[in-house]
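Undergrad: Residue numbers (the numbering used here), protein chains in the order written: chain A, 1 to 339; chain B, 1 to 339; chain C, 1 to 339; chain D, 1 to 339.
A portion of the hints provided could be inaccurate.
Stated by the list, open to error - Here are a few chain D residues that face chain B, going by a calculated C-beta distance under 10 Å: (1) Lys-189; (2) Leu-193; (3) Phe-260.
Don't read these hints as lab results, they were simulated from the structure.
Note that CB positions come from ideal geometry on N, CA and C, so glycine has one too.
4 protein chains.
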Amino acid sequence: VTTCRVGIVGATGYTGMVLTRLLLQHPHCQITHLYARQYAGARVGDITPQFFSLSEHRYHSFDPDGALDVDVLFLALPHGTAHAVMPKLLGKVKKIIDLSADFRLQNMAVYEDYYGLSHGSPHLVKDAIYGLPELHRDQIGQAALVANPGCYATAVTLGLAPLAQAGYIEGPVIVDAKSGVSGAGRALKEGSLYCEVNEDFAPYGTYRHRHVPEMEAQLGVDLLFSPHLVPMTRGMLASMYLSMPEGISESQVGECFTSFYKDEPFIHLVKSDQMHTKFVSGSNHVIISWKWCEGVKRLVVFSAIDNLLKGASGQAIQNMNLMMGYPETMGLDALPLFM
Amino acid sequence: VTTCRVGIVGATGYTGMVLTRLLLQHPHCQITHLYARQYAGARVGDITPQFFSLSEHRYHSFDPDGALDVDVLFLALPHGTAHAVMPKLLGKVKKIIDLSADFRLQNMAVYEDYYGLSHGSPHLVKDAIYGLPELHRDQIGQAALVANPGCYATAVTLGLAPLAQAGYIEGPVIVDAKSGVSGAGRALKEGSLYCEVNEDFAPYGTYRHRHVPEMEAQLGVDLLFSPHLVPMTRGMLASMYLSMPEGISESQVGECFTSFYKDEPFIHLVKSDQMHTKFVSGSNHVIISWKWCEGVKRLVVFSAIDNLLKGASGQAIQNMNLMMGYPETMGLDALPLFM
Amino acid sequence: VTTCRVGIVGATGYTGMVLTRLLLQHPHCQITHLYARQYAGARVGDITPQFFSLSEHRYHSFDPDGALDVDVLFLALPHGTAHAVMPKLLGKVKKIIDLSADFRLQNMAVYEDYYGLSHGSPHLVKDAIYGLPELHRDQIGQAALVANPGCYATAVTLGLAPLAQAGYIEGPVIVDAKSGVSGAGRALKEGSLYCEVNEDFAPYGTYRHRHVPEMEAQLGVDLLFSPHLVPMTRGMLASMYLSMPEGISESQVGECFTSFYKDEPFIHLVKSDQMHTKFVSGSNHVIISWKWCEGVKRLVVFSAIDNLLKGASGQAIQNMNLMMGYPETMGLDALPLFM
Amino acid sequence: VTTCRVGIVGATGYTGMVLTRLLLQHPHCQITHLYARQYAGARVGDITPQFFSLSEHRYHSFDPDGALDVDVLFLALPHGTAHAVMPKLLGKVKKIIDLSADFRLQNMAVYEDYYGLSHGSPHLVKDAIYGLPELHRDQIGQAALVANPGCYATAVTLGLAPLAQAGYIEGPVIVDAKSGVSGAGRALKEGSLYCEVNEDFAPYGTYRHRHVPEMEAQLGVDLLFSPHLVPMTRGMLASMYLSMPEGISESQVGECFTSFYKDEPFIHLVKSDQMHTKFVSGSNHVIISWKWCEGVKRLVVFSAIDNLLKGASGQAIQNMNLMMGYPETMGLDALPLFM
């Protein structure tokens, strides 16, 4: 196995910093290029002093037209940025992992509706693979361009996919989701200020969040998606409520999950009183549990991830491992940071 | 209007401290007795120094058999304590407000099932009034014993009662509720430690929480109640998802809420992007909003309160005002503490 | 006593919102004008829904050249804004309380050094009274323009003034101060984002904070002022370490504090293990304690306030009460919100 | 290098859980015994589900009289427990790392004064090595019993040792220290409850904290140690204020630190505006900075660690590496978790 040279575009945002941290601990990667427009020219040690070994390196401005001497490029940019530069990059870099939403949706009308943008390279969309390894492992291994899923989409899709594929879901699923604040990124918004978020809990974007089309495309079921903001930095829980066709028993549900995820290194089926986001915090792991509510004939499914890891940068590394032929868990062995 | 003499049993728990604070600011009340077994004999100034004007007073041990020279007695004790002493108190004190669960349920079998206790004074239950002023104002005004509702029950019942009474609810309602940690009280439990709760979000007691029978009794509809713990001290949001009979329009829903709550001093109907728990924090106010999700034919209703105020001690003061013939909002004019 | 008409400039910043809340609960004030450039024309109910009774009012843009039909004007603006408009306002409004730093310092060279600005109305500075009622009550009562002290300056000056005036302080005082994040205001700065502050503790501005000249001018002693940011919204503690002239006993220190503050409604001398910022949170109260460390011959003094109340808007109301001849504590009777 | 078999006594406390996490990621260690009296017999997966690979293991009760088939034993117990069992353990286990205070002090009178206990094995104290690798690396390498330093002692001693050894410190040092709540451990105390700590900042144990004798013994200077509790889980900052002998320049201070720590893998000298506890959070790293305050002739030194890592379990692993002849940083390569 050879060392791969890696570049990160958007390296000083939250997902960019997590990527940097994970890659510094990855045995086969060498970070060679860190791009951060806002800090172009600055020493890493002056901007992100926690990366002690990189302190004398510098952030640079990313030029999609310039030479790009890397094997893997991570794009950790807001949606609406990647689609415009992708045609210039795909030839030059063998493997690209885009953490934005730009290549997650195959249906351009839906993309334009939800993001309010005209897509700049629709011809490339069909070759982009949706980077959820538990569903698309083989295709990811062959892909040149992987669209890393949204954090909510990851938690919800992993929680429902076994049931959806088994035909166990009837009618719309109520998805009441909760996310830590880091999901909003490092952009300067009043709603992201400490004093606004601290000691507050709030719903937002009810039934019109941008991650919905991804989930529905992956699952093939209708969702009432209702996200909420939790006063914590990292962590995400999706609480999902659904009806099942008559005759499906709770033990069939258990078998469905168990067999679907039996070989997955990051998925853990736990009891429903163990669904603490802290039990996956700081790690790429996922915990899932369920409970049948006989009196109301509904199944509750809980799914928890760290939105910055399995919900973003950790999953991006997992995808890179698949794309580069490394062991899938390489560099992702950090255990949850309950303490 | 004469001054009333007030006693608080359980004065150093969280609801007891909030009661003390509110009563110190109430123009017609004089706190004459503070009972706290754990601190019996101690100076208030040594235990709860924030009550500057009471610093030389002392906490006492509560003796239900002794004399009780108060007009109003608040029982801020855990469930299972009040039902045993109530027969000794009802004659001696004119007005009692019980913040525990012991007198909230009329059905003793349900009480014993949910609380695992045999009720010690079932003959008194039928005279206890459920202290939700927006539903039972007149009866509360006449009552000698008011059972103050649970925090979840308050948020959920206020959010659904207009729809339930209008016949707008079909089938079970999915209630995904979220509470700040103060709802667990001041008892020493590992799950209430700072380092367990901070930076964590978790469901608990899914479909078997003790507040469910209260809500179902008040509303007459089935609920799938699913509570979660939020890493914040105070605040509660209930997100409720329901089907309606064919033909009910979103504007009918609006009229239903508007007419039901048009004269209520503490209920405010707001837009769904204004459902921040902080917008009621520290106050007795309630905010409610709703949104129709056409694609999935479901109505979402949000209801937010401060679990310590409208969800406990503030509502207890509101009930006291009704019982004593004071203006209903007296002593409750503190505005939300967004900042 | 007549009702006074009040205007707030900068009404949607944190101190502006606290002023609004306090004035809505003040028995003699009527808020007639709310100025907020960013939200000019917007309904109060759309921007700050927690002010239920003002929901149909509107925010306006402040025009210092226009008519100003108010008795009292609060300027809750960043430093560098008030000094330019003050000449236009002083004739038109009888009583002005400036919450910025612009009129706190008599020495214009120091102002210009610390704030990097040339002062626009130095001739008005000598008539501005430093609004710390415990030190300048009588002058405040006569003033047309009060410069409301900085939050750190309030905590530190109140903690040291009795000792300074008694001549009990020798050499520089080490002031290690800690503030909640709301002290940084509502401006959009990366360092104020939730994910930056949460789970972090940091010093900043060591030995060059802008509040130092105020404190040194009030106290007449040298300070090594070292502020730190605490991951909480509100609250401030100053821990102060000093040498005393030989022969001053701990009991003399106690007498010094006791006699200095014996009639003060907001100052409370407590034990050093009661110095929790939460014991004054949400109130205009101050707690102070001290401890003599015999082995190292140093006195430790602790002083705690709510930076938004006694450290800003609460003190501004206290000043207004003095300026208008109202009882000094009017509208400030909210007790600390420990719970 | 052979694999070592490791046991942890007190495995479900906070330091015990961090030890478990670190050892699971250590390439040469195998956790063979987990002792937790409270959970004796329980499955690891039921108590600490975040340790996925250990889920089928069980916690056991520790019997100091029984056989002990481990190469290294970590004692993560409260003070007052280890001194009694140590004589039974020292023969049976080659390498013991005691995270309690029982073997940190050579002076038994001081131990008994500060801890209120009579020491059960004073004869073993002189062979215990104080486990601060930066000061005692060689002795630790030879030791059978290492006394892991207190968290405060680690931060303060590392911040002052270079100056103390150079003779640059005059008179007592004012140490204003701040710790996250995990330092108080997992014991059930009212003061550790979420609702007590959240949104509060408080000093405690001023000038009588138990870590002082350790620091003074290591440094040979007098301290006024003044700790404070920060509303966050992990992180510790010590702000230290001291006088220096006339003639020592700021650049001499810089040279002193630089030369003292030039080969240390975990110590980083940074600028004083980079002293965020988050820049070492989750890692074994230490950041130190200083600033000369000319006007008051005082030096400020800041030192920050993660109290659970370098302040406890991380340092214990570092000590184990030295004792076992492993590379000192092995298993400790996790980077700070700023994000």
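Undergrad: Each hint needs a verdict: does it hold in this structure or not?
TA: Here is how each hint holds up against the structure:
Because the smallest distance between the Cβ of Lys-189 of chain D and any Cβ of chain B comes to about 7 Å, under 10 Å, the interface hint for this residue holds. Checking Leu-193 of chain D against chain B: minimum C-beta separation of about 5 Å stays under 10 Å; hint holds. Residue-level restraint check for Phe-260 of chain D is violated (minimum Cβ-Cβ distance to chain B is 34 Å; threshold 10 Å).
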